[in-house]
Amino acid sequence: MSIDDDVALLERVPTLRLLGDASLRMLAIGSEQRNFVRGDVLFNLGDDADAGYVVQRGAFRVDDGAGAEMIAGPGALIGELALVVPMKRPSSAVALEHASVIRVARSLFQRVLESDPAAAVRLRDEFAVRSSQIASDILMAGAKLTSS
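Our numbering runs 37 ahead of the 1-based position in the sequence shown.
Hints may be right or wrong, so weigh each one.
Simulated restraints on C-beta separations [unchecked claim]:
id : residue 1 : residue 2 : range
1  : S169      : K125      : 22 to 28 Å
2  : L182      : G76       : 37 to 43 Å
3  : V74       : G102      : 21 to 27 Å
Because the hints were derived from the structure by calculation, they are not lab data.
Cβ coordinates follow ideal geometry from the N, Cα and C atoms, glycine included.
Taking the hints into account, I'd like the entire structure generated from these sequences.
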């Protein structure tokens, strides 16, 4: 894939789209592509998380080890929080078929944000909105549980 193809793919990811074209281009240039075959492990539960992955092609099963799982296909960002916070992986991800990802290292992502303060503010605001929505959802679920 070309840099332009990678930029177009990164632009499909809602969180990354907030960064704008120049920052997406820097991410595409600085990121690396990795290829997988069926059964290959992208990462394991408990691994140090130092990057996020954008699925280019194929699909991955993401499993939290407690029964919750999802399928991540092209355009999905796996490990979003690892782009901004040092952490352990809360899940495992395994290729379901031949697949490829763009690996975005946290260090690269942070350099991009430092070079584009306006993009950093847009990203911060998006995370704030999401956090508020999650808190609201938790409160509503709790209210439903106590009223049943």
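Results of checking the hints against the structure:
1. S169 to K125: 22 to 28 Å: holds, 25 Å
2. L182 to G76: 37 to 43 Å: 39 Å Cβ-Cβ, so the 37 to 43 Å window holds.
3. V74 to G102: 21 to 27 Å: holds, 23 Å
Going through the hint list in order, the structure satisfies each hint without exception.
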